[in-house]
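Protein chains in written order, with this note's numbering: chain A, 59 to 151; chain B, 421 to 688.
There's no promise every hint is true.
Stretch-level coverage of chain B by chain A, calculated; a stretch enters the list once three of its residues show a Cβ under 8 angstroms from a Cβ in chain A [as the list claims (entries may be wrong)]:
#1 514 to 522
#2 609 to 616
Estimated spans, in silico, between C-beta atoms of each pair [to be verified]:
#3 A:A86 / B:D590: 21 to 31 angstroms
#4 B:K594 / A:V113: 42 to 52 angstroms
#5 B:R588 / A:E96: 13 to 23 angstroms
#6 B:S581 / A:Y130: 42 to 52 angstroms
#7 B:K496 / A:K121: 22 to 32 angstroms
#8 A:E79 / B:V603: 14 to 24 angstroms
#9 A:I137 / B:E527: 30 to 40 angstroms
#10 B:E557 / A:E96: 23 to 33 angstroms
#11 A:Y130 / B:T591: 16 to 26 angstroms
Examples of chain A residues toward chain B, derived with CB under 10 angstroms [claimed, not checked]:
#12 A75
#13 R80
#14 L81
#15 I84
#16 E88
#17 P99
#18 R110
#19 K111
#20 S116
#21 H119
#22 I120
#23 K121
#24 S123
#25 P140
Hints are computed from structural coordinates only; laboratory data are not their basis.
C-beta: ideal position from N, C-alpha, C; glycine also.
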Amino acid sequence: MSGFLDYFKGSRKSSAAVAKERLQIIVAHERGVLKGPEYLPMLQQELLMVVRKYVPISDEHIKISMDKDGEYEVLELNISLPDLSTKSTHLKR
Amino acid sequence: MAKIIVVTSGKGGVGKTTSAAAFSTALALRGYKTAVIDFDVGLRNLDLVMGCERRVVYDLINVINHEGNLNQALIKDKRVENLFILPASQTRNKDALTLEGVTEVIEELKERFDFIICDSPAGIEHGAMMAMYFADEALIVTNPEVSSVRDSDRIIGMLGSKTLRAERGDTPVKEHLLVTRYVPARVANGEMMSAEDVQEILAVPLLGVIPESKDILRASNAGVPITLEEKSDAGKAYQDTVARFLGENRPMRFLNTKKHFLSRWFGG
Numbered sequence: 059m060s061g062f063l064d065y066f067k068g069s070r071k072s073s074a075a076v077a078k079e080r081l082q083i084i085v086a087h088e089r090g091v092l093k094g095p096e097y098l099p100m101l102q103q104e105l106l107m108v109v110r111k112y113v114p115i116s117d118e119h120i121k122i123s124m125d126k127d128g129e130y131e132v133l134e135l136n137i138s139l140p141d142l143s144t145k146s147t148h149l150k151r
Numbered sequence: 421m422a423k424i425i426v427v428t429s430g431k432g433g434v435g436k437t438t439s440a441a442a443f444s445t446a447l448a449l450r451g452y453k454t455a456v457i458d459f460d461v462g463l464r465n466l467d468l469v470m471g472c473e474r475r476v477v478y479d480l481i482n483v484i485n486h487e488g489n490l491n492q493a494l495i496k497d498k499r500v501e502n503l504f505i506l507p508a509s510q511t512r513n514k515d516a517l518t519l520e521g522v523t524e525v526i527e528e529l530k531e532r533f534d535f536i537i538c539d540s541p542a543g544i545e546h547g548a549m550m551a552m553y554f555a556d557e558a559l560i561v562t563n564p565e566v567s568s569v570r571d572s573d574r575i576i577g578m579l580g581s582k583t584l585r586a587e588r589g590d591t592p593v594k595e596h597l598l599v600t601r602y603v604p605a606r607v608a609n610g611e612m613m614s615a616e617d618v619q620e621i622l623a624v625p626l627l628g629v630i631p632e633s634k635d636i637l638r639a640s641n642a643g644v645p646i647t648l649e650e651k652s653d654a655g656k657a658y659q660d661t662v663a664r665f666l667g668e669n670r671p672m673r674f675l676n677t678k679k680h681f682l683s684r685w686f687g688g
């Protein structure tokens, strides 16, 4: 009977749609992780520790990625430092 | 030049061996000289599914270890001309599948066959890696279900990095998606992802959709590749799949529910 009720409710998302959405997210995530070299997550952790010795930053403020630019592999490192002029604890980009 | 096709999935129980048997049988029925190799060392089953289990004397590992030659190990199918089965070993472990040994076997088969179908074991271990290593094309067998789709994605990643073609920088392994155990009525109900959904997530061209069918168990009980069951929808779907693989234009059948629309409402 659930098909019958769902027909009138109409709003609830089907379980197949939920499955598809969950898969799209996890697959995109896993492709990203697996694409880079194995040391990438560890490198990110260690870089984070070094920067933290001087500036308080959280995990979200460091982004690391590996890209191909023609023949070269490019390691891109992006650290958003907190704005030091304002002495608030809120971290701005 | 022989074409090497791996039948793979990552996850177990999705229909790899059934598909390898059906696909190779359909190719042979069309006149192509076809060999199908079981790479599941220690857990061989292709012989049972194809009904030649009592005719196994020498196996893949025997050939690799030069304990027997390829002619002794290849089992000629009794029903279909041009179809040969190379069984896996049941007693050795997977380490016996050396790269050098497999290379030698594949090279010899390439001289004699049009198509070499490699039936991969489940998982991402050595046996699965050996099955995909020499592939020119891959049949990715996937059920419309979350764990199967995720595992297929993992395997697709490996086809792009761990194969001979990837290592050499040749044209990549050509991938084909085969969705199996498909239940159109459940797709219509929103309880099962559609073949298009799976195709969209994996981003691999859809080659075929095989409907869930009671005939498949019946056929494997009897040791008959489902392609030989001419009245079966699943058998026809495999025939269509192979036709498309060979470049024919065949519409997808068996994607729609045959049930009356009222039965959908009342939980049919």
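Against the structure, the hints:
no. : hint                                : verdict
1   : 514 to 522                          : violated (count 0)
2   : 609 to 616                          : holds (count 6)
3   : A:A86 / B:D590: 21 to 31 angstroms  : holds, 27 angstroms
4   : B:K594 / A:V113: 42 to 52 angstroms : holds, 49 angstroms
5   : B:R588 / A:E96: 13 to 23 angstroms  : holds, 22 angstroms
6   : B:S581 / A:Y130: 42 to 52 angstroms : violated, 19 angstroms
7   : B:K496 / A:K121: 22 to 32 angstroms : violated, 59 angstroms
8   : A:E79 / B:V603: 14 to 24 angstroms  : holds, 20 angstroms
9   : A:I137 / B:E527: 30 to 40 angstroms : violated, 52 angstroms
10  : B:E557 / A:E96: 23 to 33 angstroms  : holds, 28 angstroms
11  : A:Y130 / B:T591: 16 to 26 angstroms : holds, 23 angstroms
12  : A75                                 : holds, 7 angstroms
13  : R80                                 : holds, 7 angstroms
14  : L81                                 : holds, 5 angstroms
15  : I84                                 : holds, 6 angstroms
16  : E88                                 : holds, 7 angstroms
17  : P99                                 : violated, 17 angstroms
18  : R110                                : violated, 33 angstroms
19  : K111                                : violated, 36 angstroms
20  : S116                                : violated, 29 angstroms
21  : H119                                : violated, 29 angstroms
22  : I120                                : violated, 25 angstroms
23  : K121                                : violated, 22 angstroms
24  : S123                                : violated, 17 angstroms
25  : P140                                : violated, 37 angstroms
Checked against the numbered hints given earlier, this structure breaks hints 1, 6, 7, 9, 17, 18, 19, 20, 21, 22, 23, 24 and 25; the rest are met.
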